[in-house]
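Enquirer: If you read the protein sequences in the order shown, they are chains A and B. Using the working numbering, the first residue of the first sequence is number 1, and each one after it goes up by one. Using the working numbering, the first residue of the second sequence is number 1, and each one after it goes up by one.
Incorrect hints may appear among the rest.
What the hints assert, rightly or not - No more than 27 Å apart at the CA atoms, straight line, and that leaves these computed lysine-lysine pairs for BS3-like:
(1) B:42 <-> A:68
(2) A:56 <-> A:68
(3) A:71 <-> B:42
(4) B:83 <-> A:42
(5) A:42 <-> B:42
(6) B:83 <-> B:57
(7) A:37 <-> A:68
(8) A:42 <-> B:57
(9) A:37 <-> B:57
(10) A:56 <-> A:71
(11) B:83 <-> B:42
(12) A:56 <-> B:42
(13) A:42 <-> A:68
(14) A:37 <-> A:56
(15) A:42 <-> B:78
(16) B:42 <-> B:57
(17) A:37 <-> B:42
(18) B:57 <-> B:78
(19) B:78 <-> B:42
What the hints assert, rightly or not - Listed below are several chain A residues computed to face chain B (Cβ distance under 10 Å; list not exhaustive):
(20) 89
(21) 99
(22) 105
Note that these hints are calculated values from the structure, not bench results. Idealized CB from N, CA, C, for every residue including glycine.
Next come the chains, spelled out residue by residue.
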Amino acid sequence: GESVGLHLPTLSVQEGDNSIINCAYSNSASDYFIWYKQESGKGPQFIIDIRSNMDKRQGQRVTVLLNKTVKHLSLQIAATQPGDSAVYFCAENQGGATNKLIFGTGTLLAVQP
Amino acid sequence: EPEVTQTPSHQVTQMGQEVILRCVPISNHLYFYWYRQILGQKVEFLVSFYNNEISEKSEIFDDQFSVERPDGSNFTLKIRSTKLEDSAMYFCASTRQADPSGNTIYFGEGSWLTVV
């Protein structure tokens with residue numbers, strides 16, 4: 001079936017380094033993707049989104065890259081800080097009448113001081 | 001920044017009991033959702049709600065589940081007869097429009113349900 005999934009379940013980086021979190025999706029018809037950050041015991045927090053008519057979008061310290069050819073999405077975090085430690089989920093928005101999200105399995109980002 | 005609020009933050013209930021989880025979506029939002037996350041697993045869609053009716057539901061959302069918007073501000077999820085496997089974090093979410101472009105889906109902090 002259609003799914004959104006992550007390659008790496010855990011990513012450990014040093015403070016100040018750049019982080020790259022990857023995601024593969026399988027629904028080629030999807031046209032909107034979001035990255036969420038989830039801290040322990042909290043709800044998903046919106047980070048950045050991208051539509052399929054773009055291949056790159058930048059925010060503050062974060063960049064999302066979309067490669068539709070290989071159905072791959074990545075989240076880059078520049079100068080990673082301890083506060084970035086969390087689980088990161090990619091999500092596919094299937095749009096239509098309901099705006100339902102299909103989440104991937106998540107990557108735990110651990111930032112070492 | 002406006003936020004989605006949920007109560008209770010944690011509830012422990014006996015198997016077979018009814019549970020109601022409450023949510024106050026962001027005030028000008030029109031689309032409401034419930035998601036759940038079993039410990040250590042991904043977030044799963046349960047149901048979407050618009051114009052006072054369910055617009056889509058997942059296979060998880062069986063006859064034991066129901067949603068309601070009783071008073072124009074609250075949005076509730078009821079589990080009629082809880083099972084052990086209902087233990088999870090339940091997230092409420094809302095958005096202003098269904099068109100995803102520029103309409104972020106905001107999540108609450110979650111209600112942790114433990115069924116014993």
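Enquirer: Go through the numbered hints given earlier and state which of them the structure violates, listing their numbers in rising order.
Expert: 13
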